[in-house]
Amino acid sequence: MTLILSPLAALGRNVLSILATVGQMAIFAFHAVTHVFRPPWYWREFGQALIQIGWLSLPVVGMTALFTGGALALQIYSGGARFQAEFAVPSIVAIGMVRELGPVLGGLMVAARVASSIAAEIGTMKVTEQIDALVTLSTHPMKYLTVPRVLAATLAVPLLVAVGDSIGIFGGYLVGVTRLDFNAAVYLKNTVDFLELWDVTSGLIKGAVFGFIVALCGCYFGMHSGRGAQGVGRATKGAVVASSVMIFAANYILTEVFFAA
Amino acid sequence: MIRLTDVHKSFGRKQVLRGVTLHVPKGQSMVIIGGSGTGKSVTIKSVLGLVEPDKGQIEVDGQDVHQGDRDAFLARFGMLFQGGALFDSLPVWQNVAFRLLRGALKRPKAEARDIAIEKLRRVGLKPDVADLFPSELSGGMQKRVGLARAIAADPEIIFFDEPTTGLDPIMAGVINELIREIVTEMGATTMTITHDMTSVRTIADRVAMLHDGVIQWEGPIGEMDAASDPYLQQFIHGRAEGPIEAVRSAASYSPRPRCWRCWGCKAVCICRSCSPSPCAVSGPVPQTRAFWRGCRR
Numbered sequence: 076m077t078l079i080l081s082p083l084a085a086l087g088r089n090v091l092s093i094l095a096t097v098g099q100m101a102i103f104a105f106h107a108v109t110h111v112f113r114p115p116w117y118w119r120e121f122g123q124a125l126i127q128i129g130w131l132s133l134p135v136v137g138m139t140a141l142f143t144g145g146a147l148a149l150q151i152y153s154g155g156a157r158f159q160a161e162f163a164v165p166s167i168v169a170i171g172m173v174r175e176l177g178p179v180l181g182g183l184m185v186a187a188r189v190a191s192s193i194a195a196e197i198g199t200m201k202v203t204e205q206i207d208a209l210v211t212l213s214t215h216p217m218k219y220l221t222v223p224r225v226l227a228a229t230l231a232v233p234l235l236v237a238v239g240d241s242i243g244i245f246g247g248y249l250v251g252v253t254r255l256d257f258n259a260a261v262y263l264k265n266t267v268d269f270l271e272l273w274d275v276t277s278g279l280i281k282g283a284v285f286g287f288i289v290a291l292c293g294c295y296f297g298m299h300s301g302r303g304a305q306g307v308g309r310a311t312k313g314a315v316v317a318s319s320v321m322i323f324a325a326n327y328i329l330t331e332v333f334f335a336a
Numbered sequence: 069m070i071r072l073t074d075v076h077k078s079f080g081r082k083q084v085l086r087g088v089t090l091h092v093p094k095g096q097s098m099v100i101i102g103g104s105g106t107g108k109s110v111t112i113k114s115v116l117g118l119v120e121p122d123k124g125q126i127e128v129d130g131q132d133v134h135q136g137d138r139d140a141f142l143a144r145f146g147m148l149f150q151g152g153a154l155f156d157s158l159p160v161w162q163n164v165a166f167r168l169l170r171g172a173l174k175r176p177k178a179e180a181r182d183i184a185i186e187k188l189r190r191v192g193l194k195p196d197v198a199d200l201f202p203s204e205l206s207g208g209m210q211k212r213v214g215l216a217r218a219i220a221a222d223p224e225i226i227f228f229d230e231p232t233t234g235l236d237p238i239m240a241g242v243i244n245e246l247i248r249e250i251v252t253e254m255g256a257t258t259m260t261i262t263h264d265m266t267s268v269r270t271i272a273d274r275v276a277m278l279h280d281g282v283i284q285w286e287g288p289i290g291e292m293d294a295a296s297d298p299y300l301q302q303f304i305h306g307r308a309e310g311p312i313e314a315v316r317s318a319a320s321y322s323p324r325p326r327c328w329r330c331w332g333c334k335a336v337c338i339c340r341s342c343s344p345s346p347c348a349v350s351g352p353v354p355q356t357r358a359f360w361r362g363c364r365r
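Listed in order, the protein sequences are those of chains A and B.
For what it's worth, the numbering used here labels the leading residue of the first sequence as 76, then goes sequentially.
For what it's worth, the numbering used here labels the leading residue of the second sequence as 69, then goes sequentially.
The following block holds chain B by itself, in its conformation from the complex (with noise of 0.2 Å):
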C-alpha cells in the first residue's frame, strides 16, 4: 500500500532521514516509535507531500506520490495532527465537515453538518459540541475532533501524529481505544507517530522503530518485546543506558563557543580563525584582546 524506498530528507546541514524504507500492508496499522527529532513527523509529512524528499521514492498503491492528480491523492488521506490543528476560526462542525463543504467531495450544508454529528458522536462527543469553536474545547476534546475530521470523509489511509500527547492516561486510553476501533471498523490503513508505549500496544499491527534517519527495526508488534535489536529494547524499556545516547552529562557538555566579532550571528561567518563555517572556534572562548586580534578577516 504504503511503500517508502531510501527516502533522504536534509533540513540545512541537518541529516533528518538517512535513507528510510518502508513498507505499510494495506488495512495494517503501523506505528513508527523512536526519540524526539529522529525524522517520524518528516517521515509521514513525505508521504503526504507537505515536505519534498531529498533522494528516495515514496509510493502509494505503485503510484508515485508526486505524480497524478494532487486532489485526488489526498482525497484518500486523513490526518490528526498532533496539537489537533483545528481552524480557530470555524466552528467545531464545520472544522469536522471541512472536506465536505468545499472541493471535489462537497455535500449540501445540512448533509455535511448531519455528517460532522454523526463523526463526533462516534468520537465520543455530543452534538451540542458541534456549534462551539475550538478555544472552547479541552486538549482531550480538540483531540476528538481532531479524530472526527480525519475519519469524516471516511478516508482509506490514515495518520496520527503522536494522538496521546499531552492527555492525561485516562484520555489517553480513550483515545487509543477510539483510533483501534475505527481503524478496525473502517478497514483503513493508518500510520501512527507515537513516543507512548501503551498506544503502540493498543494500535499497532506492526512498529518500526526509527533512529538516526534509518528504520532500526521493523516486525509485528507480537515480536515487538523479544526482538534482540538493543535500541529498540532500550527505547521500549526506557532505559537511560544503552546505544541512544540520552543523557549528556555536565561534564561532557560544553556549548560551541562563538565568535564573538560575528556579533553573535547565526550567518556564515567568514573570518580565518572561524573557517569552516559556523561561528565556532576550538577551546575556551578567550574574550580578550588576545583573541579578538586571532579573529582576522
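One chain only, chain A, in its complex shape (with noise of 0.2 Å):
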C-alpha cells in the first residue's frame, strides 16, 4: 500500500506546489496590469526595455523565422506531391508562418532571450538586495522593473512577430522560386491571394498575448529568486519553462477561439 502512495503523495505535493505557484502568478499579474494604468511611470526604463526586447531581438527572431519559412515550403511541396497539391507552397506557407508558426516560434525564441535575462538580472537584483535599495529610495519594484518590462514586450513581441512573418515568407519564396521552380511572381501572388486580413490579425494578437506572458514570467520568477547563485539559476530556468509552457496552452486557447468557429 505504502508503495502505491509514496509516489501519489510526491505527486499531489507537486501539483499543489505548481497550483500556489499558478495562484501568485495571477495575483502578481494582476498588480502588474493594475500598475500599468496609475502613475508613476518610468519611461526611461521602457524605452531600455524596448530595446532589449524589440530590437535586440530581432536577429534571432529573424533567423529563426527565415529558416522555418524555407524548411515548411519544402516539407509543403514533397506533402502536396502525394496528391498533386505543390502548387498550394505559397498559400500554406504564408498561413501557417502568419497564423501560427511566426507567433509561436517568435514567442519561444524570445522566452529563451528575454525571459532567462529579465529572470537573471532581477534574480540578481534581489540577491544583491538591489531591490530592497529601490524600496527604500521611494521607488516600487514593481513599478520599475515589471510594468517597463512587461508593457515593452507587449508591444514589442507583435512587431517582431509582423518581421518575422514577413521574414518567413520570403524564405518559403526564396525556396519555392530557387529550388522548386515556382515562377517569383505567381509565387507572390498566390501568397496575397490566400492571405486575409484576420490572419495577420490574429497571428499579431498572439504575439501580444506571448509577449506579455514572457516579460511577466521573468519578472515573476526574478522577482521571487532564492539566494545565490543556485536560487538565481532556478529562477532562470523557471522562468523560461514557464513562459514556454505557457506560450503552447495560450496558443492553443487562442486558436480555439480564434478559427474554432
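Just so you know, these hints were derived from the structure itself, not from any lab.
We treat Cβ as the ideally placed atom computed from N, Cα and C, and that holds for glycine.
Accuracy of the hints is not assured; some may be wrong.
Lysine-lysine pairs mimicking DSBU-like chemistry, simulated, CA-CA at most 35 Å apart [what the hints assert, rightly or not]:
1) B:K177 x B:K123
2) A:K312 x A:K218
3) B:K82 x B:K94
4) B:K174 x B:K194
5) A:K218 x B:K177
6) B:K94 x B:K123
7) B:K94 x B:K177
8) A:K312 x B:K194
9) B:K194 x B:K82
10) A:K218 x B:K194
11) A:K218 x B:K94
12) B:K177 x A:K312
13) A:K218 x B:K82
14) B:K123 x A:K218
15) B:K194 x B:K177
Cβ pair distances, simulated, as ranges [what the hints assert, rightly or not]:
16) A:G98 x B:P311: 19 to 25 Å
17) A:F121 x B:D222: 45 to 51 Å
18) B:D222 x A:G98: 39 to 45 Å
19) B:A172 x A:L80: 44 to 50 Å
20) B:R144 x A:G303: 51 to 57 Å
21) B:T266 x A:G303: 26 to 32 Å
22) A:R88 x B:A172: 24 to 30 Å
23) B:D222 x A:F323: 52 to 58 Å
24) A:F323 x B:G241: 42 to 48 Å
Chain B residues, not near chain A, derived (Cβ > 12 Å throughout) [said to hold, decoys possible]:
25) R81
26) N163
27) I183
28) H279
29) I312
Two chains, two separate frames, one set of hints: put the complex together.
Rendered as C-alpha cells:
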C-alpha cells in the first residue's frame, strides 16, 4: 500500500506547489496590469526595455523565421506531391507562418532570450539587495522593474512577429523560386491572394499575449528568486520553462477562440 | 525618535526576533552588535518596512511605521547596504542621485548631477568617478558610493548595514571616520549594524547588543567596557569561551539524519517514524532494509 501511496503523495505535493505558483502568478499579473495605469511611469526604463526586448531580439527571430519558412516550403512541396497539391506551397507557407509558426516560434525565441535575461537580472538584483535599495529610495519595484518590461514586451513582440512573418514568407519564397522552380510572380500572387487580414491580425494578437507572458514570467521568477547563484539559476530556468509552456497553452486557447468557429 | 516595542519576527520555524525593545533618541548614533544570524539586519529592515514584524510596534517620532504616507516616510531615510546594492545598469552619479532624479524630490538633471558630484567629493571620490559604472569600482569605492547615495537627499535618519565588512583595515578606518563626520555634520539619527569593534568605538554614541532575539544589553559607549553583562564582555573581547555558544565541538555535533525514503525532501515528511516533521529520526542513520520497513507511512 505504501509503495502505491508514496509516489501519489509526491505527485500531490508537486501539483499543490504548481497550483500555488499559478495562483501567485495570477495575483502578480493583476498587480502588474493595475500598475500600468497608475503613475509614476518610468519612460526611460520603458525605452530601454523596448530596445532590449524588441530591437535586440530581431536577429534571432528573423533567422528562426527565415529557416522555418524555407523548411516549411520544402515539407509542403514533398507532402503535397502525394496528392498533386504542390501548387498550394505559397498559400500554406503564408497562412502557416502568419497564423501559427510566426507567433509561436517568435514567442519561444523571445522566451529563451528575454525571459531568462529578465529573470537573471531581477534575481541578481534581489540577491544583492538592489530591490530593497529601490524600496528605501521610495521607488516601487513593480513600477520600476515589472511595468516597463511587461509593457515593452506586449508592444514589441507583435512587431517582432510581423517582421518574422515577412521574413518567414520570404524564406518560403526563396526556396520555392530557387529550389522548387516556382515562378516568382505567381508565388507572390498566390501568397497575397490567399492571405486574409484576420490571418495577420490573429497572429499579432497572439504575439502580444506571448510577449506579456514572457515578460511576466521573467519578472515573477526574478522577484521570487532564491538566494545565491543557485537561486538565480533556478529562477532563470523556471522563467524559461514556465513561459514556454504558457505560450503553448495560450496558443491553443487563442487558436480555439479565433478559428474553432 | 525611533522606538521598537516587543518586536517579534519568525521565518518559518526559525524565530529571529523574540521581543526586541529599543529606543534610539534623536540625533544619536546607535550601533547594534551581535553574532551572525541574531537578527540585526531584520531589526533595521523592520523599521524600514522591508520586513513585516509578526508582533510588536515600531514608531518613528511617535507614528507607527506601517501607517501614513509611505513615500514621505521613506524620504526621511537613507541606507547604506552591506554590499553597496548599487544599481549595475546606472553610472555612479545616477546611483547617487537616484532619489533626486525621480519622485517627490525630483530635481533638474544638471542640478542632480552637481549634487551627486558634491556628495561623491564628500566621501572622498573624485568627479571622474561619476561616469563610471559600479562594476568598474573597487569594494571600498562601492561602499563610498553607497554612502554618498545614502546621504544624497540629506535624510534625517540613516541606517548603515555592516559598513566595513569586506574592507581592508585602512579602508574600514576611512569609512568609519567618514560615517562619524557625516553623522556629526548632518545631525542625523543613525542605526549601524556591525561586528567590527573598531567601528563601534568610532561611530557609536550608544550600543545595543542583540542576542537570541532580544536586546541583551544597551547603554552609552562609555559604559560598554565596564558593563558586567557576560554576553557583552564575551562579544567585545572576542572570546571563544562564555555564555554565547561559539564553537560546536566535533564530538557533540551530529548531522540530523533524514528519512531517506522521503528522497531527502525538504518538504514536510508524513511518515510515522519521522513524525513530527521534519524528516528527522532519532539515533544513527540506519540505511538498511530494517529501517526501511520501520519507516512506514
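Going down the list of hints, with the structure as the test:
no.	hint	in the structure
1	B:K177 x B:K123	violated, 43 Å
2	A:K312 x A:K218	holds, 24 Å
3	B:K82 x B:K94	holds, 33 Å
4	B:K174 x B:K194	holds, 24 Å
5	A:K218 x B:K177	holds, 21 Å
6	B:K94 x B:K123	holds, 24 Å
7	B:K94 x B:K177	holds, 33 Å
8	A:K312 x B:K194	violated, 41 Å
9	B:K194 x B:K82	violated, 45 Å
10	A:K218 x B:K194	holds, 33 Å
11	A:K218 x B:K94	holds, 33 Å
12	B:K177 x A:K312	violated, 39 Å
13	A:K218 x B:K82	holds, 32 Å
14	B:K123 x A:K218	holds, 29 Å
15	B:K194 x B:K177	holds, 19 Å
16	A:G98 x B:P311: 19 to 25 Å	violated, 46 Å
17	A:F121 x B:D222: 45 to 51 Å	violated, 30 Å
18	B:D222 x A:G98: 39 to 45 Å	holds, 43 Å
19	B:A172 x A:L80: 44 to 50 Å	violated, 58 Å
20	B:R144 x A:G303: 51 to 57 Å	violated, 33 Å
21	B:T266 x A:G303: 26 to 32 Å	holds, 29 Å
22	A:R88 x B:A172: 24 to 30 Å	violated, 46 Å
23	B:D222 x A:F323: 52 to 58 Å	holds, 53 Å
24	A:F323 x B:G241: 42 to 48 Å	violated, 59 Å
25	R81	holds, 18 Å
26	N163	violated, 9 Å
27	I183	holds, 14 Å
28	H279	holds, 24 Å
29	I312	holds, 25 Å
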